Every structure is written in structure tokens, then in C-alpha cells.
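With chain Y fixed as given, assemble chains X and U onto it according to the hints.
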Amino acid sequence: MLLLLACLAAVHAVLYSHYRHRLTEYEARSGLRQIATAALGLSDLCIATEARYTRHPAASDPVAPFMDHPGAIEHFPTGSFWAPPIPGGLRGEGE
Amino acid sequence: MNGGLTKHLNIIDYTLSSLWRRRARNVSVLVVFAGVIFLVASFQFVTGALTQFALDSLRTAPEITVQRLSAGRQTEVPLDYGEQVASIHGVREVVPRIWGYYFDEVTGANLTVIGVDLERMPLGEKLNLTLAEGEVPEPGASGRVLVGRSIKRIVESKGSAYLSLFRPDLSQASFAIAGVFDAATDVLTNDLIVMDIGDARDLFHISPAAATDLCVYVANQEEVPNIARKIAAALPDARVLTRAQISQTYQVVFGWRSGFASVCLLTALAAFVIFAWDKASGLSPEERREITILKILGWETSDILAVRFWEGALVAGGAFTAGCTGAYIHVAYFDASLFRPVMVGWSVIHPSLRLVPSLQVSTLLLIFCFTVLPYMAATVIPAWRSAIVPTDSALSGM
Amino acid sequence: MLIELEGVTKIYNQGQINEVVALRDIDLRIEAHTLNCLRGASGCGKSTLLSIIGCVIQPTSGRAAIAGLQPARMPDRFLTVHRRRCIGFIFQNFNILPALTVRENITLPLVPLGLSRRAMAERVDRLLQRFSISHRGNFPAGRISGGELQRVAIARALVNDPPLILADEPTAHLDSRLSREFMEYMAVLKQAGKTIIITSHDPQVTEHPAVDRVIDMKDGRINVS
Numbered sequence: 001m002l003l004l005l006a007c008l009a010a011v012h013a014v015l016y017s018h019y020r021h022r023l024t025e026y027e028a029r030s031g032l033r034q035i036a037t038a039a040l041g042l043s044d045l046c047i048a049t050e051a052r053y054t055r056h057p058a059a060s061d062p063v064a065p066f067m068d069h070p071g072a073i074e075h076f077p078t079g080s081f082w083a084p085p086i087p088g089g090l091r092g093e094g095e
Numbered sequence: 096m097n098g099g100l101t102k103h104l105n106i107i108d109y110t111l112s113s114l115w116r117r118r119a120r121n122v123s124v125l126v127v128f129a130g131v132i133f134l135v136a137s138f139q140f141v142t143g144a145l146t147q148f149a150l151d152s153l154r155t156a157p158e159i160t161v162q163r164l165s166a167g168r169q170t171e172v173p174l175d176y177g178e179q180v181a182s183i184h185g186v187r188e189v190v191p192r193i194w195g196y197y198f199d200e201v202t203g204a205n206l207t208v209i210g211v212d213l214e215r216m217p218l219g220e221k222l223n224l225t226l227a228e229g230e231v232p233e234p235g236a237s238g239r240v241l242v243g244r245s246i247k248r249i250v251e252s253k254g255s256a257y258l259s260l261f262r263p264d265l266s267q268a269s270f271a272i273a274g275v276f277d278a279a280t281d282v283l284t285n286d287l288i289v290m291d292i293g294d295a296r297d298l299f300h301i302s303p304a305a306a307t308d309l310c311v312y313v314a315n316q317e318e319v320p321n322i323a324r325k326i327a328a329a330l331p332d333a334r335v336l337t338r339a340q341i342s343q344t345y346q347v348v349f350g351w352r353s354g355f356a357s358v359c360l361l362t363a364l365a366a367f368v369i370f371a372w373d374k375a376s377g378l379s380p381e382e383r384r385e386i387t388i389l390k391i392l393g394w395e396t397s398d399i400l401a402v403r404f405w406e407g408a409l410v411a412g413g414a415f416t417a418g419c420t421g422a423y424i425h426v427a428y429f430d431a432s433l434f435r436p437v438m439v440g441w442s443v444i445h446p447s448l449r450l451v452p453s454l455q456v457s458t459l460l461l462i463f464c465f466t467v468l469p470y471m472a473a474t475v476i477p478a479w480r481s482a483i484v485p486t487d488s489a490l491s492g493m
Numbered sequence: 494m495l496i497e498l499e500g501v502t503k504i505y506n507q508g509q510i511n512e513v514v515a516l517r518d519i520d521l522r523i524e525a526h527t528l529n530c531l532r533g534a535s536g537c538g539k540s541t542l543l544s545i546i547g548c549v550i551q552p553t554s555g556r557a558a559i560a561g562l563q564p565a566r567m568p569d570r571f572l573t574v575h576r577r578r579c580i581g582f583i584f585q586n587f588n589i590l591p592a593l594t595v596r597e598n599i600t601l602p603l604v605p606l607g608l609s610r611r612a613m614a615e616r617v618d619r620l621l622q623r624f625s626i627s628h629r630g631n632f633p634a635g636r637i638s639g640g641e642l643q644r645v646a647i648a649r650a651l652v653n654d655p656p657l658i659l660a661d662e663p664t665a666h667l668d669s670r671l672s673r674e675f676m677e678y679m680a681v682l683k684q685a686g687k688t689i690i691i692t693s694h695d696p697q698v699t700e701h702p703a704v705d706r707v708i709d710m711k712d713g714r715i716n717v718s
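Chains as they are written, first to last, in the working numbering: chain Y, 1 to 95; chain X, 96 to 493; chain U, 494 to 718.
If we strip away everything but chain Y, and leave its shape as in the complex, we get:
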């Protein structure tokens, strides 16, 4: 039991040091990402490029997932992982 706990501790020590290293690397590079965002006015991450509402969930219009039909069933695999865009943004309503 003690041997098992010792092995676990060793494995976790290695993983933790990897985590710290990855975190340091991440923080060192975040400056570059912020420059790219500012210079290009980016609003979204480039991960799921199959549909515009998964490529730009923050910036695409709320109708985008339902372009084909108002009640269209999800047909992109990423729709199961990325929520549809929230109907955010202000619209002028004759204040």
C-alpha cells in the first residue's frame, strides 16, 4: 500500500512539474496572442471551422445555426460540444 502511494506521489510530482512548465510556457506566449487579437480585432478561437456559428460563436448572428430551417436538427458534430450563440448584443429598439 505504501509502495503504491509512493508511486502515485512520484507520478503526480512529474505531472505537476509538467503542468507548471506548460503554464509558464502558456503565460509567456499569451502576450503574442493578445497582440494578434488587438491588431486583427479577433473575437473567437479557431478550433471548429466547419460552420460559422462554431467558428465564430461570439460574433455570428443567432440565426446562423438555423439557416436551413427554424427547427433544423443539429447536423454538425461540433454542435454537440459548442453551444449555439447566445442572442447577445444590443439592438436598437427605438429608445
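Keep in mind that a hint or two might mislead.
As the list claims (entries may be wrong) - The calculated EDC-like cross-link candidates involving lysine to aspartate or glutamate, where the alpha carbons are at most 20 Å apart (straight line), are: (1) LYS711(U) - ASP520(U); (2) LYS102(X) - ASP520(U); (3) LYS102(X) - ASP654(U); (4) LYS221(X) - GLU27(Y); (5) LYS247(X) - GLU200(X); (6) LYS247(X) - GLU50(Y); (7) LYS102(X) - GLU597(U).
Think of the hints as simulated: they come from the structure by calculation, not from any bench.
Since the model is a prediction, treat every value here as computed from it, not as a measurement.
The following block gives chains X and U in isolation, referenced to the frame of chain Y:
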């Protein structure tokens, strides 16, 4: 007090040997449970990492973005909207932008084209730092683009030195690759083609008096909501997005309520908990006999429950440790490859993520509460019923 | 007087169609440091009487005092603690857990006491030596001989040093040699100051010279012969 602790240590000792005696069953339960926790934890780690990526990276997005909607769909923004917005007190700068999607039929890749005047964008002069090779073209330079790494690969795979894109009238526009974005910005730039705004206008046949959206920069951050409201009031057909709303999107875009991926995970967990309850509810004849003998020998019901508790805790604790460790390795070393089909779907170009799994106490606690606690409840509560076994059968020839 | 029973009756499933009167109006007194036998045919109530004396079940009516405790209307927890302190059990078929080692079986009554590992090991080692089964300490109990099993059962009953030992048909499945051996152990324990009650209809038990008293039972009553 000390005696109480020693008693529990003795009970744990007994529990360990009891678990070892039924090791085939217990190991299989542990492995399955660890698998379920692995999936739940992987999901939490990867969504936490992506959310953090987004919140950190998009901190310097434009304070306000103005789009125009027609029949619920995004359409071109007239440039004179920009003049109206610029006249609002507190607005420092309004920069038009052209961007859109380009579908490359050969590779099946959806690319994003951005046309922007870098001289007018914040930190535009520092964009060189984000390039792994090449340099940012001179302002106004036509026919030269900056591309993400995937696009460089696509161009090279075609054996060409130029990136050729088709206009709506099917005429061809060729661009030389002036620079390639660094891998550190992959998660933002992997599918990007950045060109001069004039080239983008030409490529998409967008009128010189229009743009795709307007990036609005504000002098005083506190005034952003007010200015956004004023813009919305001044432009009834506009959609006004603030940076806060972009952040908010990324706090819910991977939420538990989003999509059947999380539903599947929760379903698997619920099924496992039901299985655990079912297992704990029934006693085999050997277990029944064991409990009866223990009670005759002076074990109280609470001692027997303590054994069941520690059995559950040791199995659940072992599964939690194994599951979370496996999840960390899956997300950090393998970029959550098991989730690729749902994370990127039919996308043919994939950024290298180099995720930093979200290892906060709150994340681990959430995983713990969703997995270990229901399992403990499912094993200990039925064990109460089982522990109240009548002892008189022991003396009448068991 | 270690055990006193007055008018003890035990009825199972009282008021129901399958009601069974296992004991009727039992009056019994058992002195300390004696070896007693409860003799009778199957179903006469011996085991039920032993269960009441052992504080495993409570009488339906009547008064019982077992080593200073009146178990009637006591919560189960108190009865358990009392059993742990004052009563050692030797079951029919011994009821050793075969998957545990000999040492682990004997240690079982000690686990709830909160003793240190060393203290528990010392007690168990003493008993293993006393009954000459030290060499079997780490064997799975399912793989030892009948005679060794018998000694393990006795050792387990003694590990808490209780004043009262109860044995239910302990020789039912033993040959005559092992039955004789068992009674020799009981005689030694009686000499050491224990009070012993054995249920049996085996003459090797009931007619053993160490037995102080044989109590005959029939149809849930004690026969006064």
C-alpha cells in the same frame, strides 16, 4: 479519541483485506468507474482550458463591435455608420473591417479572410512579433498576405508559391505569402488569411462604401455599456457587441447544458451510479453470513457500515485518482484527442492547442461532487439496510 | 450468580399465522465457573435459550440477567458491546471465515476495540501458541484441518477474555477424537475460571466428567428430573 482513530485504522485494515479478497470484482468496478471519471474530468479540463484560452486571448478584442443585421442575418455595414458612431462622445476610434469565409473546395477547408488597415488597429505595429517567418507587408501593399500555419501547409501541398482564391465572379486572385503566424497564436490564427482591406474588398466584391463590421474603441472603459446603448439607439438595424459579451459567450459555450456530449457523459455517470446502487443493495449469501458472524462477535452496525463506507471510499478514491490522472495526461499530452470528433467536427484544419488543463480546486471539487459523492451515496445507503441483518440465525446452524 | 432467568418466554412471529413458541416459562440459574450442558432433541429450544443468554435476541417476556446486564429492552448497540466484553461464541460448524487467514479470524473480535496493531498481534500470538497453531497463523482458514479449525474457533472465542463461553452443538460434525479434545479444552477453561454453556445431545459432551450440570429441555421447557 485515540482509540477511535485506532479503531478506524483497524477497520480500514480489514476493509483493505476484504477488497483484496474480492479483487476481481473490485478492480473491475474501479476500472469502469475510473473510465467514467476520466471522461467527465477530461471534459471539464478541456473546456476549462479552452475557456481560459479565450478569456485570456480575447482580452484585447475591440471594446465594441458593430454589425448590421437584415432579416436576422449579418449583412454589410455602411461606412457612414462609422461616422455616426465616431460622433458619439467617448468614442476614440472606429475602424472598419472586412472579413468572411472562404471555402477551399480542393481541401474542404473553411478559411477565414480578414482585411484590415493595420495602421489604424491597436498594436498593429507589433504584429511582426506574432510571425514565425516573413514580415507584415507595408500598409496598402496589395497581393501580399499573412497566413496561419494550416494555410501555409495547404499552399505547399499544392506545390505552389502563391495562394489563389476565387472571387464571386470566379475570376482568380493570387496572393504571395508574406508571413506565417507563430504556433503560439495557432488557436487564433490557424485558418486566417490576413490581407489589406482593399484586397479583401476586391475578393468579396464588397462595395467601397461598406464593411463587414466596425471595430469601435472607447477612451474610458467604464463608458462602454453606455456608448454601446447609444450606438444601438442611433442605429436601429445594428447589432452592438461588447467585449464583455464576447467573454460571456466563452463562459457558457462549453457549459454542461451545451450539447449531447455532456448529456452522454452524465448519462454514463447516472448508469454507473444505478449499477452501484443495485450492487450494494443485494447481499450474497457469503456476505450475509460474514455480517452475521461479525455482529455476533461484537461488531456494531456502525462498524459494519464503516467497512462499507471505506470500501466505497477506497474504490471511489482510487477511481477518482486514476481517472483524473488519466484525464490530465489525455488533455495535456494528447490534446484531448478522444474529443476531437466533437471538438472540431468536420473541420479539416486543426490548430495545435497545447492545452493547459484547468487544474483548479473548484474544477476538481466539481468532478468529485459529480462522481464520487453519488457513488458513495449509492453504496453506503443500501448498505445500511444490509447491515441490519438479524443475528439470531447465526446460532441456529448457519 | 452469573446467569438468572425467570419466567422467560420467547415467541417468534407473535400474533401471526406462523407463530412459534420456542421457550415457555424458563427458570434457570447458572453459577459462575461452571460447565453446563443444555441437552434435548432438535427443536426443543436449546439454541433459542442460548441466543437469549448470549444477548443475541431478547425474550418476549420474563426477566433475564446475564453477567450483570438485563438485555430486555436494551438497544442493540448495548447488547453488542456487552457481547464483545463478556461472551465468547463457538458456533456449530465453527463459522470461521475461510477466505481470511487464521490470524485474521482470531483478530476479528478485537477490531472494534480500538487496540493498537501491536496489542492485537500480541494477544493473537499468545492464543496461537497456547493452542499450538502458530505455524498456521498466515494460512487461509479454509485450508486447515478440522482439528485446527476447532482450535481456531476456541481461540477466537477467548481473544477478548470473556467470563462466559457459549458453544452451540460444537461437536456435531466432529469425530470422537476431536470431540474428546474439545471437551478437554473446555475442562481447562473451566479450571481457568470461565463459565461455559454447551448445547449438545452428544454423550461425549454431556457425560464428560468436567460437566457440572446437565439441563434437559423438551418442547421449550426445562425438564426438572
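Now the hints, each set against the structure:
Between LYS711(U) and ASP520(U) the alpha-carbon distance is near 14 Å, which keeps this suggested pair within the 20 Å criterion. About 39 Å separates the Cα atoms of LYS102(X) and ASP520(U), which puts this hinted pair outside 20 Å; it is violated. A C-alpha spacing of about 19 Å is found between LYS102(X) and ASP654(U), which places the hinted pair at or below 20 Å, so the restraint holds. Taking the CA atoms of LYS221(X) and GLU27(Y), the gap is about 18 Å. The hint holds against a cut of 20 Å.
For the hint linking LYS247(X) to GLU200(X), the alpha-carbon distance of about 16 Å falls within 20 Å, and the restraint holds. Of the pairs offered as hints, the one joining LYS247(X) and GLU50(Y) holds, with about 19 Å between alpha carbons and a cut-off of 20 Å not exceeded. Distance restraint check for LYS102(X) and GLU597(U): the Cα-Cα separation of roughly 15 Å lies within the 20 Å cut-off, and the hinted pair is therefore satisfied.
Checked against the numbered hints listed earlier, the structure breaks hint 2 alone; every other hint is satisfied.
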